[in-house]
Amino acid sequence: MKLVDEFRDSAIAKRLASKLQARKTAAVNLMEVCGTHTVAIFKHGIRQILPQSVKLISGPGCPVCVTPNNDIDNAITLVQDTSVILTTFGDMMKVPGTSSSFQYEKAAGADIRVVYSVLDALQMARDNPDRKVVFLGVGFETTTPTIAAAILEAQRLKLNNFFLFPAHKVVPPAMRALLSSDDVKIDGFICPGHVSAIIGSKPYEFIAKEYGIPCVIAGFEPLDIMLAIDMLLDQIASGKSQIEIQYRRAVSAEGNVVALGILNRVFEVTDAYWRGIGEIPGTGLKLRAEYRKFDAKDVFGIESGYDTEKESCQCGDILRGILDPPSCSFFGKACTPEHPVGPCMVSSEGSCAAWYLYQ
Amino acid sequence: MCLAIPAKVIKIDELNAQVELGGLIRQASIMLVPDINIGDYVLLHAGFAIQKIDEQEATETLSLLSQLTIDDNQ
Numbered sequence: 000m001k002l003v004d005e006f007r008d009s010a011i012a013k014r015l016a017s018k019l020q021a022r023k024t025a026a027v028n029l030m031e032v033c034g035t036h037t038v039a040i041f042k043h044g045i046r047q048i049l050p051q052s053v054k055l056i057s058g059p060g061c062p063v064c065v066t067p068n069n070d071i072d073n074a075i076t077l078v079q080d081t082s083v084i085l086t087t088f089g090d091m092m093k094v095p096g097t098s099s100s101f102q103y104e105k106a107a108g109a110d111i112r113v114v115y116s117v118l119d120a121l122q123m124a125r126d127n128p129d130r131k132v133v134f135l136g137v138g139f140e141t142t143t144p145t146i147a148a149a150i151l152e153a154q155r156l157k158l159n160n161f162f163l164f165p166a167h168k169v170v171p172p173a174m175r176a177l178l179s180s181d182d183v184k185i186d187g188f189i190c191p192g193h194v195s196a197i198i199g200s201k202p203y204e205f206i207a208k209e210y211g212i213p214c215v216i217a218g219f220e221p222l223d224i225m226l227a228i229d230m231l232l233d234q235i236a237s238g239k240s241q242i243e244i245q246y247r248r249a250v251s252a253e254g255n256v257v258a259l260g261i262l263n264r265v266f267e268v269t270d271a272y273w274r275g276i277g278e279i280p281g282t283g284l285k286l287r288a289e290y291r292k293f294d295a296k297d298v299f300g301i302e303s304g305y306d307t308e309k310e311s312c313q314c315g316d317i318l319r320g321i322l323d324p325p326s327c328s329f330f331g332k333a334c335t336p337e338h339p340v341g342p343c344m345v346s347s348e349g350s351c352a353a354w355y356l357y358q
Numbered sequence: 000m001c002l003a004i005p006a007k008v009i010k011i012d013e014l015n016a017q018v019e020l021g022g023l024i025r026q027a028s029i030m031l032v033p034d035i036n037i038g039d040y041v042l043l044h045a046g047f048a049i050q051k052i053d054e055q056e057a058t059e060t061l062s063l064l065s066q067l068t069i070d071d072n073q
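Chains A and B are the protein sequences, given in the same order. Here the first sequence stands for residues 0 to 358, numbered as in numbering that gives the first Met the number 0. Here the second sequence stands for residues 0 to 73, numbered as in numbering that gives the first Met the number 0.
Simulated from the structure, these hints should not be mistaken for laboratory data. Everything numeric in this text was worked out from a predicted model, so none of it was measured. C-beta atoms are modelled at their ideal positions from N, C-alpha and C, and glycine is treated no differently. There may be inaccurate statements among the hints.
To be verified - Sample of chain A residues facing chain B (criterion: CB under 8 Å; computed from the structure):
1. ASP110
2. THR141
3. PRO144
4. ALA148
Stated by the list, open to error - Derived DEER-like restraints, expressed as beta-carbon distance ranges:
5. A:LYS105 to B:ILE37: 38 to 46 Å
6. A:PRO50 to B:SER65: 17 to 25 Å
7. A:LYS13 to B:ASN15: 52 to 60 Å
8. B:LEU23 to A:SER180: 42 to 50 Å
Based on the provided sequences and hints, a complete structural model is requested.
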């Protein structure tokens, strides 16, 4: 496939791997923030080709994993109403809430449907005027402009049976929250390429300026990730801290201005609760007043409250990069992809699932 | 969940496009990239084109990769 195969060229990959292996570097921790990067790194064996002194840590960038139990519990409450069709991306189906999951509820008869796009949910609302179609909105800035566009479309079509259960999150302030706690030493960030295709490189500037930590925005093919690591190690070796873009074919300083315009027209920033991290100011999105009629939490009278995490589950420490998955006492024993205890094992982009599958 | 795949725009009808990826034809909304043209490559994510791919930048990244690895092995 064009624009994919070239970035998987094995001859260049071999030479780049030799270059990386030959690097003499002090012990450094590089965090890949994005779950899609985590999977790509495991899938292409990139951990194995790095010098031992370079450690990759997985960050909190799997939207499924950071969605708190409370959101899942509340969405499950919604489907007790038989007029409701709950729609969601497939990754959410097996995530355990406090006492149930969407998969379990669907098996018990609830009308829960997996969709590929929010547009499928919108069409479902048009096709079922006597039902209330709720879309569970999980995702980062890569996804949120698509949800905002669907809300504008629902407004244009005057749909009164399409609702959003908003559980979206914003990435850069969560990186600040990670840096503000001293739980884990981070020497460089591999920044998320597709979040950045939307937001651009500017929102990360505080990381370099205030914390002195280098960042490279990376693509998702093996050569992209290897080059990004090489660029990070160059910055660290020369004592620099800058925001560099490796994924230049998709990311600019400004990002996608049209998408950001639509996102900001529909949503405003609010605080959000991240599983394992807690509440982080300015990392959530809520519908602006003129679109509040599409907000399932408002319409169905759902109150927030976030105290339902399982205490024994160590996903929180894994999401912050404090623990590697195999260090969790449940990993591979009580917690497997077939019977996950926590969301990091459920999502295909969760770091536990990636370790389990590839390591 | 932030997976996005390069796809070639082959037909445009107002804010909807047909895109081709690996021989498959899919529908995509181009609400987020309204200035796209037939023949352009876009990143496809959850039924939407979310960004145009700059082929010139792709070529430059590939030549940087070639240069970087050749220089170091000379």
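Hints, one by one, checked against the model:
Nearest Cβ of chain B to the Cβ of A:ASP110: about 21 Å, over the 8 Å cut. The hint is violated. The interface hint given for A:THR141 is met, as the beta carbon of that residue sits about 4 Å from the closest beta carbon of chain B, less than 8 Å. The interface hint given for A:PRO144 holds, since its Cβ lies 5 Å from the closest Cβ of chain B, which is under the 8 Å cut-off. Given the 8 Å rule on beta carbons, the hint for A:ALA148 holds: about 5 Å separates it from the nearest Cβ of chain B.
The beta-carbon spacing between A:LYS105 and B:ILE37, approximately 41 Å, falls within the hinted interval of 38 to 46 Å. Separation of A:PRO50 from B:SER65 is about 23 Å and conforms to the stated range, judged on CB atoms against 17 to 25 Å. For the pair A:LYS13 and B:ASN15, the beta carbons lie near 42 Å from each other, so the given range of 52 to 60 Å is not met. A beta carbon spacing of about 44 Å between B:LEU23 and A:SER180 agrees with the range 42 to 50 Å that was offered as a hint.
Hints 1, 7 from the list above are not met by this structure, while the remaining hints are.
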